[in-house]
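Protein sequence lines, in the order shown, are assigned to chains X and Y. Quick note: my numbering has the first sequence finishing at residue 1553, numbered continuously throughout. Quick note: my numbering has the second sequence finishing at residue 1553, numbered continuously throughout.
If you are wondering where the hints come from, they were derived from the structure by calculation, not from laboratory data. Treat the hints with care, as some may be off.
Note: identical chains are not told apart, hence a pair may lie in one copy or across any two.
To be verified - Mimicking BS3-like on lysine-lysine, the simulated pairs with C-alpha atoms at most 30 Å apart in a straight line are: (1) K1415 - K1402; (2) K1392 - K1415; (3) K1392 - K1374; (4) K1392 - K1549.
Just so we're clear, the structure is a prediction, and the values are computed from it rather than from any experiment.
Protein chains: 2
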Amino acid sequence: MRQPAGRSARRSGGERKPREERWAELIEVATQVFYEKGYDGASLQDIADRLGMLKGSLYYYIQSKEDLLFDVISAVHKQGLEVVRGRADVPGGPLDKLESVIVGHVEHTCRNLVPTAVFLHELSALPVERREEILGSEHAYQGVFRDLVEQGQAAGQVRADLDPRLAALSILGSTNWVYRWFRPGGTFTPEQIGAEMAEMAIRGIATEDVLKARTA
Amino acid sequence: MRQPAGRSARRSGGERKPREERWAELIEVATQVFYEKGYDGASLQDIADRLGMLKGSLYYYIQSKEDLLFDVISAVHKQGLEVVRGRADVPGGPLDKLESVIVGHVEHTCRNLVPTAVFLHELSALPVERREEILGSEHAYQGVFRDLVEQGQAAGQVRADLDPRLAALSILGSTNWVYRWFRPGGTFTPEQIGAEMAEMAIRGIATEDVLKARTA
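So that you can see chain X by itself, here it is in the shape it has in the complex (with noise of 0.2 Å):
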């Protein structure tokens, strides 16, 4: 939640906490919007509309419809990466610590699919340095599947001759992919999903080794 000086001063104090509400309120609404009617279709007054606000009201809170859709897409970026980050810095092994990523990452996908979609959608919309403020200049999200793929090299548990950041785009192009296709109440649930995929990524990379360990 991205929010320029002046505003976090004037956000202070008792009324603190309705504010920070209808903040969560607004964010919700136009990633619902963004989704509808993509962002080039959505306006500021739809959003208003929406929460039965004036226009007006929304400048206290966002400069521009930019601003509203770098915090969307900020939004669940940053919860989505806290996920996997999370599930990245625990103790153990490289190899478990990937599965359980993988799983998380599936898990909220399917838990966020109208975010996720404005977010894979939407993102090119932002100019470049924005869009890099999310990202980060190193791509944090790829980062942790990547240093998991390097960790289990060093561990000899992932084939030595497969390129990291290729299987990092592998698995978070299979487990991006999700948003597409999974709809809830469907055949599969977040949770089957997520176990199938990560068996199937981790048996991709895995060594001879590891696969003997892992079906004995």
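Keeping the supplied structure of chain X fixed, place chain Y upon it in accordance with the hints.
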């Protein structure tokens, strides 16, 4: 290339070739304009300007902007489907074919980044019936991958406990995702990406026996 009956009659005879060429050019330019501006942001006027045609002349080929999007998406989908079906429709074992299908799909995606992006980003702008007309009610593309996984299970080459649809979606996810990060002249060639993704995918789904034989 869908053509209303009345049109194809008008397009026969001596002038056929120039008009087919004009049509190909129209599809190419429309793809580029939809890519740059998004379907919502693009107008038939933009496309006519780029072609150096009067907007009215476009109506000789199509009836609406939606028709054009349909034709653009159909074209790349049909082409990609021909690639994967061609590689699945040869003599050989199911996993060898799946490997070849994955390589073909990745290479096709890398060489058709712009039409693929339009296909994947703008498909949802078409009404459901037209989407299904392209994808097929059984999702023809996914079907090629799923059928090979099922054949692999029947042959004892693919883990029996794996859901073939989930396996197909996982492989399609990692290979489709390539359109988002591949850049010509970057670190990896299409051939490298295809080969590594195929290796990971096959290992991810194969039985122990196949894996042993693969390393031996």
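Item to check | List of violated hint numbers, smallest to largest | outcome: Violated: hint 4 alone.
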